[in-house]
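Chains as they are written, first to last, in the UniProt record's numbering: chain A, 1 to 380; chain B, 1 to 333.
Simulated from the structure, these hints should not be mistaken for laboratory data.
Positions of the beta carbon are idealized from the N, C-alpha and C atoms, including for glycine.
Treat the hints with care, since some could be wrong.
Pulled a few chain A residues facing chain B out of the computed Cβ check, cut under 8 Å [said to hold, decoys possible]: (1) His16; (2) Leu33; (3) Ser47; (4) Ser132; (5) Ala194; (6) Ala207; (7) Leu221; (8) Ala224; (9) Ala247; (10) Thr249; (11) Phe251; (12) Leu253; (13) Leu375.
Next come the chains, spelled out residue by residue.
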Amino acid sequence: MDNIAGKKSSLTWAVHISVAVLVVLWLLPTVGLFVSSFRTGDQIATSGWWKSLTTQQRQNPAIRLSGDEVEQDGLFVIEGQLFDASGAEVQRWGTSSRDTEAYAPGEIAELSKGRTVTVDAAGAFRFTSEASQEGKRLPRVFTTAVSPPEFTTDNYNSMLFDEDNSESMARAFFNTLTVTIPATIIPILIAAFAAYALAWMEFPARALLIAFVVALLVVPLQLALIPLLKLHLAIGIGKGYLGVWLAHTGFGLPLAIYLLRNYMVGLPHDIIENARVDGATEFQIFTKIILPLSFPALASFAIFQFLWTWNDLLVAKVFLIDATGQTTVMTNQIVELLGTRGGNWEILATAAFVSIAVPLAVFFAMQKYLVRGLLAGSVK
Amino acid sequence: MHPAILGIVTIAVGVGACLSYFYFSNQLLDKVIFPAKGPNAGRNINRANMVRPWLFLFPALFALSLYLAYPVIETLRLSLTDTRGDGSFIGLQNYVSMSEDPKFWEAMRNNFLWLLVVPAASTGFGLLVAQLTDRISWGGIAKSLIFMPMAISFVGASVIWKLIYDARPEGAEQIGILNAVYIWFGGVEPQTWLTVPFWNNFFLMIVLVWIQTGFAMVILSAALRGIPEETVEAAIVDGAGPFKIFFKIKVPQIMGTIVVVWTTITIATLKVFDIVFAMTNGQWETQVLANYMYDKMLRGLDWGMASAAAMVIMLLVTPILVWNVYNARKEMR
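Excised from the complex, chain A in its bound form (with noise of 0.2 Å):
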C-alpha cells in the first residue's frame, strides 16, 4: 500500500528496526528471569544474567585456604582445590586484597616466615611452610577465573520433587488446579444459558437485564469483598474452596455473559427459525444447535477466565486462604518468598516460573481463542 508513493526502503528499515526493539524491550524482562531460574545462587548474586550466557572473567571472594597438613621433606604442605572443578579457569590470583591479580597461574608466591603458595589454573593449590601452621590462620586467596556459561535444572528439582522443602510448590500448584478448573467451567454453563436467553427470547425489560450487566461489568471487585466475605462466614462457608469457587463465578459472569451475547447475536437467524418451525424446543435449540456453535466464544472465555483465576491474588487471599496455609495458592506462595525470601532470586526465580508455566502455554497454544474474544468484548 505504502509503496505506492514510490518512498518504501526509507521508512521500511525503521520500521524493522524499531519494532525489533519494541519486541527486545518487550521479552527482556521475562527472559531475564527465565535465564536466572536455572542458575545457582551463587551464580545470580555475583553476576548479572546477561552475562551468563557467555564466557565469563570474574573476581571470586577470598577463599581462605584449608586441609591437611602433610610433612614432606621438612617442609609443612596443604593441598587442596579452591574451588570445585566446574570448568572454571584461574587467569590470575593473588593473596592480598590490595593487588589480587599479582600472579599467573603455577607462580610461586612468597610470602613472610618463609611460607610459599601457588595455584593452578584449574583451582587446585599447593602451600608449603618451614614451621607447622598448626591452629594458626592461613592465608587467604583471590582468584580471577574464566568460566563457561553454566545451567543448572537443581532449582527446579528441588522446587518440585523435594519432599522435605518447604517452599515446595507442588502443593500450591495443585491447590491453584483445583481452585481454577471449577471456577472456570461452572460460571460457562451459567452464562451460556443466560446469554441465549439475551440474545434470543423476546421478553420485556430485556434490554434493561443487557444494560445491568454491562454496568456489572465494570464494578470494581473490592466493592464485593467486605459483605461477601460477611455472607460466606455467615451461612457457614466460611473461608475454603467453595468460596473461592463461588466469588469467580459471580465475578466471571458479566463478561461471561457479555461476550457469549454478543457472539450468539451473530449467528445466523435462519438456523434459529428453521429449528423453532421444526419443533424443537428451546432447550434443544440451545443444546443441539447454539452451544456447538458457539464454541469459540466458549473457549475464549475459558481462557480469559483461567488466566484471570490462575492469576489471581486478591480473591483467593479474602476468600481462601485461612490462618492453616494448608490452602494457599501460587500467586500467595511467591508473594511471601518476596517477603521471606527477597535476596534469594535462584528460588523466587523458579517459584515464579513454575506459576507461569502454565497460562504461557495455554496463551501460545489458544492465543487465536483469546484475541478473538478480546476483539469480541471490545470491538463493537
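Following the hints, put chain B in place on chain A, whose structure we already have.
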C-alpha cells in the same frame, strides 16, 4: 477429603446441578404447568414462552445480584456504619476519618498519577506497535511476543521487574539490569529504584504498562485493519506522507476504539492491587487505593473505613460505567 477430589466432585455436582436445573425446569414448564395440549394449548404455549427466558436467566441473575449488585449496596451501607462498635449509623464519619489519614491522600495522589500515565502509555505503545507491525512479514510473531505479558500474573510480573530493579552495594557487580545500565552510563551510586519517593510510582507503573500494551495492541491492530483502504489510497494520491496518513487519516477513524481501549485500561488501573502489594506494599509513598482498602480490611480490620475506600474506587469508576451503559443502549436501538 483431598481438595483435588473435592474439586472434581464440585465440577460434577456443579455441572450436573446446572444441567439438570435447566433440563427439568424446562420439562416442568412444558409438560406440567403449561402443557401444550388440551383446550388451552395455544394459550399455554404463549405463557410457557413468556416464562422460559426467566428460567434460562435465573441462575445467572441470582449470582450476579448476590455477588455483584448486593455488595455495592451493602458496601455503601457499611461505609456509613460504625463497624468496629455496635454497627450503628454514623453518617459520613468513616469518610471524615479517612480524609484525615495522610496515607489516603497519598493513595489518591498515586492513583491519579497511575490514571494519568498507564492508560496513555499503554494505548500509545499499543497503537505504535499495531501500526508498525501491520505491514511487516514477521509482524505476527512480534505481536505475539509483545502480547505475551498478558498471560503473566501481576505477581509473576512483580518478581520479573524486581529483578530488573535490584540494587547491589556500590562497587559490587550489579545483577539488576537497570542499575547495570545506569552504572554503564556513568552513574556512580547504584539506586534502589523502588525506594525513591515519587519516582518509584513510575517504576511500578511500567509493570502495568508492560502488561497492558499487548491488550491495546491487539484491539487497535484489528481496528487499523478495519479502516477502508480507499481512504488511505486517496490520501496517498493526494500526496500525504506516512505520518500524515497515520495521524490525519487512520487515528481519527479508529478514535472510537481508542476510547474503548483507554477506558478499559483505566478500569484495570483503578483496581491495581497485586503489583503494589507484591513490590512495595505501599511503602515509600507508593500506596494506591486498592491496597489501602485491603490494608484497612485485613490488617486494620476496620471494615467501615475499608468500605469507604472501596466506595471511593466505585465513585471513580462510575463515569465510565454510565458511559458504557449509555453506549450499549445506543447500540441496541
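Verification of the supplied hints:
1. His16: holds (6 Å)
2. Leu33: holds (5 Å)
3. Ser47: With Cβ-Cβ at 6 Å, under 8 Å, it holds.
4. Ser132: violated (38 Å)
5. Ala194: Holds - the Cβ of Ala194 of chain A comes within 8 Å of chain B, reaching about 3 Å at its closest.
6. Ala207: holds (6 Å)
7. Leu221: holds (6 Å)
8. Ala224: holds (4 Å)
9. Ala247: The hint holds - Ala247 of chain A has a Cβ within 8 Å of chain B, the shortest such distance being about 7 Å.
10. Thr249: Interface hint status for Thr249 of chain A: holds (6 Å vs cutoff 8 Å).
11. Phe251: Hint holds; Phe251 of chain A Cβ to chain B Cβ min 7 Å, cut 8 Å.
12. Leu253: Check passed: Cβ of Leu253 of chain A comes within 6 Å of chain B, closer than 8 Å.
13. Leu375: Where the cut-off is 8 Å and the nearest Cβ of chain B is about 5 Å from Leu375 of chain A, the hint holds.
Figure legend: structure checked against the earlier numbered hints; the only hint not met is number 4.
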